[in-house]
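Put together the whole structure using the sequences plus the hints.
Chain by chain, the residues run as shown.
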Amino acid sequence: MATLTIPVEEKKKTHEQEALITGAEAIAIACKLANVDVVTAYPIRPYDTVMQYISQLVADGEMDCEYIVAEGEHSQFEIVKHASACGARVFCGSSGVGWMYAMECLTVTPALRIPMVAMVGNRALDDPGAFGVEHNDALSVRDLGWMLTWVDSAQEALDTALIAYRVAEDRRMFVPLAISCDGAFLTHSQALVKIPALEQVKKFLPPYNRGDLLLHPDNVISVAPQANEDWVMEVRRQNYAVTEIACDVIREVYTDFEKTFGRKYGNPFFEEYMTKDADVVLLGMGTMSTPVKVAVRKMREEGKKVGFVRLRWFRPFAGPEIAKCLERFKAIGVIDRDFSFGSPDLSGVVATELRSAMYTSAATRPPVLDFICGLGGREVTVPDVEKMTEITFEAAKGKAQPLTQWIGLRE
Amino acid sequence: MGQLFAVEVIYRGVFQKTLAKNITRGIVLAAHNEGKLGISFGRYSDAPERNGIPAKSFAIVANDEETLEAGMAQYEPKQVDVTVVLDDTLCKGAESWAWSGLQPVHRALKPGHTLIVISLDDAPALLKNIHRRKEPYKLGIVRGVTSFSGMWVYKDDHTDVRILGAIAKALPAVMSLESVEKFINEKLKNSLKVTTARNAFERFTTIGVKAGEGNPEEVVKVGLPRWEDMRCGVSIKGQGQGGPFADPVTGEVGGFRPVRNELFTKYSARTQRPVVNFATCTKCTLCWLNCPDGAFDITTAGTYDTNFEACSGCGICEEICPVKNCITMVNEDEFHDNNSQWAAFEKDKGAYLKWLEATIKKADPIKNRSHGFRYRGQYQEQVPEAMEIANKG
Numbered sequence: 001m002a003t004l005t006i007p008v009e010e011k012k013k014t015h016e017q018e019a020l021i022t023g024a025e026a027i028a029i030a031c032k033l034a035n036v037d038v039v040t041a042y043p044i045r046p047y048d049t050v051m052q053y054i055s056q057l058v059a060d061g062e063m064d065c066e067y068i069v070a071e072g073e074h075s076q077f078e079i080v081k082h083a084s085a086c087g088a089r090v091f092c093g094s095s096g097v098g099w100m101y102a103m104e105c106l107t108v109t110p111a112l113r114i115p116m117v118a119m120v121g122n123r124a125l126d127d128p129g130a131f132g133v134e135h136n137d138a139l140s141v142r143d144l145g146w147m148l149t150w151v152d153s154a155q156e157a158l159d160t161a162l163i164a165y166r167v168a169e170d171r172r173m174f175v176p177l178a179i180s181c182d183g184a185f186l187t188h189s190q191a192l193v194k195i196p197a198l199e200q201v202k203k204f205l206p207p208y209n210r211g212d213l214l215l216h217p218d219n220v221i222s223v224a225p226q227a228n229e230d231w232v233m234e235v236r237r238q239n240y241a242v243t244e245i246a247c248d249v250i251r252e253v254y255t256d257f258e259k260t261f262g263r264k265y266g267n268p269f270f271e272e273y274m275t276k277d278a279d280v281v282l283l284g285m286g287t288m289s290t291p292v293k294v295a296v297r298k299m300r301e302e303g304k305k306v307g308f309v310r311l312r313w314f315r316p317f318a319g320p321e322i323a324k325c326l327e328r329f330k331a332i333g334v335i336d337r338d339f340s341f342g343s344p345d346l347s348g349v350v351a352t353e354l355r356s357a358m359y360t361s362a363a364t365r366p367p368v369l370d371f372i373c374g375l376g377g378r379e380v381t382v383p384d385v386e387k388m389t390e391i392t393f394e395a396a397k398g399k400a401q402p403l404t405q406w407i408g409l410r411e
Numbered sequence: 001m002g003q004l005f006a007v008e009v010i011y012r013g014v015f016q017k018t019l020a021k022n023i024t025r026g027i028v029l030a031a032h033n034e035g036k037l038g039i040s041f042g043r044y045s046d047a048p049e050r051n052g053i054p055a056k057s058f059a060i061v062a063n064d065e066e067t068l069e070a071g072m073a074q075y076e077p078k079q080v081d082v083t084v085v086l087d088d089t090l091c092k093g094a095e096s097w098a099w100s101g102l103q104p105v106h107r108a109l110k111p112g113h114t115l116i117v118i119s120l121d122d123a124p125a126l127l128k129n130i131h132r133r134k135e136p137y138k139l140g141i142v143r144g145v146t147s148f149s150g151m152w153v154y155k156d157d158h159t160d161v162r163i164l165g166a167i168a169k170a171l172p173a174v175m176s177l178e179s180v181e182k183f184i185n186e187k188l189k190n191s192l193k194v195t196t197a198r199n200a201f202e203r204f205t206t207i208g209v210k211a212g213e214g215n216p217e218e219v220v221k222v223g224l225p226r227w228e229d230m231r232c233g234v235s236i237k238g239q240g241q242g243g244p245f246a247d248p249v250t251g252e253v254g255g256f257r258p259v260r261n262e263l264f265t266k267y268s269a270r271t272q273r274p275v276v277n278f279a280t281c282t283k284c285t286l287c288w289l290n291c292p293d294g295a296f297d298i299t300t301a302g303t304y305d306t307n308f309e310a311c312s313g314c315g316i317c318e319e320i321c322p323v324k325n326c327i328t329m330v331n332e333d334e335f336h337d338n339n340s341q342w343a344a345f346e347k348d349k350g351a352y353l354k355w356l357e358a359t360i361k362k363a364d365p366i367k368n369r370s371h372g373f374r375y376r377g378q379y380q381e382q383v384p385e386a387m388e389i390a391n392k393g
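Residue numbers (the numbering used here), protein chains in the order written: chain Y, 1 to 411; chain G, 1 to 393.
The set of hints was computed from the structure by calculation and includes no laboratory data.
Only a predicted model underlies this, so the values are computations on that prediction, with no experimental measurement involved.
Check each hint, because a few of them may be wrong.
Unchecked claim - Pairs of lysine-lysine residues, derived as DSS-like cross-links and limited to a Cα-Cα distance of at most 27 Å, are as follows: (1) G/Lys187 to Y/Lys11; (2) G/Lys128 to G/Lys189; (3) Y/Lys387 to Y/Lys298; (4) Y/Lys194 to G/Lys283; (5) Y/Lys324 to Y/Lys304; (6) G/Lys187 to Y/Lys13; (7) Y/Lys194 to G/Lys189; (8) G/Lys392 to G/Lys128; (9) Y/Lys11 to G/Lys189; (10) G/Lys182 to Y/Lys12; (11) G/Lys187 to Y/Lys12; (12) G/Lys266 to Y/Lys13; (13) G/Lys78 to Y/Lys298; (14) Y/Lys13 to G/Lys189; (15) Y/Lys194 to Y/Lys305; (16) G/Lys266 to G/Lys283; (17) Y/Lys32 to Y/Lys13; (18) Y/Lys194 to G/Lys182; (19) Y/Lys12 to Y/Lys32; (20) Y/Lys259 to Y/Lys330; (21) G/Lys266 to G/Lys362; (22) G/Lys138 to G/Lys78; (23) G/Lys78 to Y/Lys387; (24) G/Lys392 to G/Lys361; (25) Y/Lys32 to G/Lys189; (26) G/Lys189 to G/Lys210; (27) Y/Lys298 to G/Lys110; (28) G/Lys182 to Y/Lys11; (29) Y/Lys12 to G/Lys189; (30) G/Lys187 to Y/Lys32.
What the hints assert, rightly or not - Cβ-to-Cβ under 7 Å is the rule here; a few derived chain G residues that face chain Y: (31) Arg25; (32) Ser40; (33) Arg226.
Idealized CB from N, CA, C, for every residue including glycine.
Given below as structure tokens:
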């Protein structure tokens, strides 16, 4: 098990600490700092590392919470849903087919306005059984009322978990939020992470206040009665209202995060890397950022004007803002670590969404190519990135390219 | 670009998972004392929660963030500066769960760099197992008993800091002995371990291994099919039914031998193997029935012969066998081939029984690799003896 160096308890309250921890451990520590009340767990790799670390924190007396090992993911997500309705700050998570097994609970949570925070350790959906990262698991809830964000480092995982509670528990929001962490590259890799002091976290994250929605004998309400055509559409419209303000709330919280902790994330919705004078850019989510950035630096040395945009928030999808960022480039190459069966142009999910955003919000219409790459944990290599960049440059020159291509496939 | 270092630790699943992690973490934290940055991680496609399965843990260290990122851009390092082997029986080759076939332990080691093995054996004995390679390299033996423990119980016999001391000597550019000592003092808070690390550093020496020196066995090369050539529907072709086999000595046809997967042999997970006394075997069938790997062939005489390509060395046959000393598990490093014991027995019964007697005497409990701990306090009992062997150097 992980051996976190335990400094003096007092020092942790007021001073930032540094530790060598995995992305999963970083999320567990964020749960401790956020003083989460109820945690439910059911093992599936790579998410299970989070439940291991939380159980260790509880066993070591560092964290005080109800820690419930459910009999399956379905119960796991039901239990936290109810606990959250009763005013508890909750945490849970899963991976791959485990996340899919909880699907019924995932669908019923948003309408009840439950600010559940979950971690998805991204994993390929079976079959074939595989542990490697693929984004289709978390993306499967993209239309259901969940907020979805992707992180690319253990530090960002910890920070985003704190941000997640602030955003989800904002009374204007009250919707569930899933933080996606790529299996292996992030969940199982230990890096040096700055752990904020407890006092700072307390300043940043107020207690969860469910207000008039609290399920409690002192506040007599009934939740989720059977409804019919007189009710459903209005219920959906209430959740739609959340999406209208979600981007503003997220922006507010990031500004406050920066003020409190001093760590800057810039634009909350996407990170731009060497895009300033770029002719073409690649765009993707999660830990593929590492090989892409290395490749971009290499190609820059060769005089190729290429940049990278890493999407952080997929739901809400900051369409106009992203379109405005991308309209200045001559071509865009999207790297999809997922696959959308039968979609327009047979592309991945991210490219399809992006084309839609560009159609309505961009002043220009640069070609948006899609590359299906890195499925099932396959490495996105530096030569892969160079190849995708070359193809994108060809498109920028006006040479027609297939809209979807598989990269790194044995063919 | 600054300097980039990679160290891999090859270990046995469950028994050495915590140990391997402690070592790679130690490297990163010790190097961080010199202002370097690093990450530590286990190979994700491994199955470190399965008993004895060969697995890997890595440390990547760099002088600056951009260089570290270049190291992190790969799924795992393709070339390493130091390879550490925590159990010398792994020198026969490591076969990961990722179906890439048996591979030499120094597969990723850069030419001229150092392979560190924990062992009580000397270099010639280890080189009987370590595959030959085209490029020369250095071999350093850290003398000691293989440190095995359980999933949740860690046997703190100082193996972690002995390896850190050896790495500081083999690759001073990644971390100095002082940085290792600082790490131990500050994070492990154990002055005795500082002394152990220093001793290991001072004693550590290497010998040069020439190109072509070592085990001449050819390793399996596995090709991966193109997507159009793969069978559809996530299906793979099944194995045949098996049938009688010809006795290797008499030529008589009979018994039964199942067909086994040639590409997924599992035997590299073996740390001890059954030695069978065919003269006292009552043919009760229990070993054959209970073997989880179907590793026994039924001979024409109705006895049970272990197929060492299929045996993963779990020891269930020894436990289940009702005849005293009929099946004895013996440390895997006593053997250098996977030949049939039945064939040897038939060829010369007298010689086989003599060999058997001598071999099962070597089933030394301290050298034996314990498959999980059997009673509370077992590891604590083993530590003083292991430490004594280590301190003799």
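In ascending order, which of the hints set out earlier in this document are inconsistent with the structure? Checked against the structure, the hints that fail are numbers 2, 4, 12, 15, 20 and 26, while the rest are satisfied.
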